[in-house]
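Asks: Sequence:
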Amino acid sequence: MPPNLDVKLYPYESSQRRSSERETPSTKQSRQSNIRKPLAGHHENDRRYVNGEYWAPNDERQNNQLDIAHHLYRLTLNGRLYIAPIRESPRMVLDIGTGTGIWAMDFADQHPSAQVIGFDLSPVFQERVVPNVRFEVKDACDPDWGYEKNSFDFIHARGMYGCGADWLAFYQRVLTYLAPGGWYQQIEMSVTPTSDDRSVTAGSIFDQWGKNFLEAGDRCGKDFRIHKQVKGYLEGAGFEDVVELIYKWPIGTWSEYPRIKEIGRWNLVQWQEGIEGWSLALLTRALNWSYPDVQAYLEKMRGGLKDPTIHAYHIINVVYGRKSTVRDKGLQG
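Each number in the working numbering comes from the position in the sequence shown (counting from 1) with 350 added on.
Simulated from the structure, these hints should not be mistaken for lab results. Do not take every clue at face value.
Keeping only pairs whose Cα atoms sit at most 25 angstroms apart, straight-line, the calculated SDA-like set for lysine to any residue is [to be verified]:
| no. | residue 1 | residue 2 |
| --- | --- | --- |
| 1 | Lys561 | Ala631 |
| 2 | Lys611 | Gly509 |
| 3 | Lys650 | Ile418 |
| 4 | Lys488 | Ser501 |
Computed beta-carbon distance windows for the label pairs [claimed, not checked]:
| no. | residue 1 | residue 2 | range |
| --- | --- | --- | --- |
| 5 | Gly553 | Lys611 | 26 to 34 angstroms |
| 6 | Arg569 | Arg652 | 22 to 30 angstroms |
| 7 | Arg652 | Thr675 | 49 to 57 angstroms |
| 8 | Glu410 | Gly586 | 33 to 41 angstroms |
| 9 | Gly588 | Leu564 | 25 to 33 angstroms |
| 10 | Gly553 | Lys499 | 49 to 57 angstroms |
Glycine is no exception: its CB is placed at the ideal position from the N, C-alpha and C atoms.
Make a model of the complete structure from these sequences and hints.
Replies: Shown next, in the form of structure tokens:
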């Protein structure tokens, strides 16, 4: 009998894990048009970027990577959109850094009585129309998001790495907008691949990737270590019942176990789709690489991604916590 796949894939899972309702995977839909005017942007090295602080492109290819990541998150959470033990019928829900809007729309489909708001630095363009969702253009680093205090039953964020925020102030802001007793959940991934069998060696292409990413982020003030800091920040900001779960995402189909292999297959696709956008601006702006040098480096990375002898994976952290109720501490936001 094969070992428990959850144990093999998620060896560090917290014993504090809470249950939540089971959710079925949604139908994948393509994202194209409707809603909001275009935000100012510019093209650099054949990729489109939003004018501002964000380091990754805002174009169709990177949006494809975001939707693949959404599928990966759901595979990891057994089809669920969240694992925080939120109330059965949330009224107001906020999705920070909504990206293509796919999480917000899936959540709204599952909770038709909820009003779901998603915001990001640029507008969301979707063919799919969900009546209880609206999208807004906002910056998560702004001190005021313009919502009523104590108004959201659930606030969700993922992929905030590299935002360069004052994280403690950010999480205190989340607390301000959460209703007493409301929940916050965040998912982040490590940018430094590793292995358990030493197939990712010091100086290898995957090792170089992680070191280059962190150095570039440090030089331009972008925090790519947030995945392992969220829990501490939440506790420091005043959240209660904070729970962290740590997962492994294989890169490639090297695992012998079907579920892990499926996650690895999709993660390989995500890396193939995402590596250029993840690295171009960081390496050229922060480390002063030339465009040809970046492309040569990416060819080596693509070779590493295809190498079946390299059993690389990276860490995914899922963290959630609760705002105190008025009865607990009289917290008013």
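Asks: Determine for every hint whether it applies to the structure shown.
Replies: A quick look at each hint next to the structure:
1. Lys561 x Ala631: Measuring from Cα to Cα gives roughly 16 angstroms; hence the hint holds.
2. Lys611 x Gly509: holds (23 angstroms)
3. Lys650 x Ile418: holds (23 angstroms)
4. Lys488 x Ser501: It holds: about 17 angstroms lies between the C-alpha atoms, which stays within 25 angstroms.
5. Gly553 x Lys611: 26 to 34 angstroms: About 28 angstroms separates the Cβ atoms of glycine 553 and lysine 611, which means 26 to 34 angstroms holds.
6. Arg569 x Arg652: 22 to 30 angstroms: Holds, since arginine 569 and arginine 652 (Cβ atoms, about 25 angstroms apart) stay within the stated range.
7. Arg652 x Thr675: 49 to 57 angstroms: About 51 angstroms separates the Cβ atoms of arginine 652 and threonine 675, which means 49 to 57 angstroms holds.
8. Glu410 x Gly586: 33 to 41 angstroms: At roughly 38 angstroms between Cβ atoms, glycine 586 and glutamate 410 fall inside 33 to 41 angstroms, so the hint holds.
9. Gly588 x Leu564: 25 to 33 angstroms: With Cβ atoms ~29 angstroms apart, the hint holds.
10. Gly553 x Lys499: 49 to 57 angstroms: The hinted range 49 to 57 angstroms holds for glycine 553 and lysine 499, with Cβ atoms some 51 angstroms apart.
Taken one by one, the earlier hints all hold for this structure without exception.
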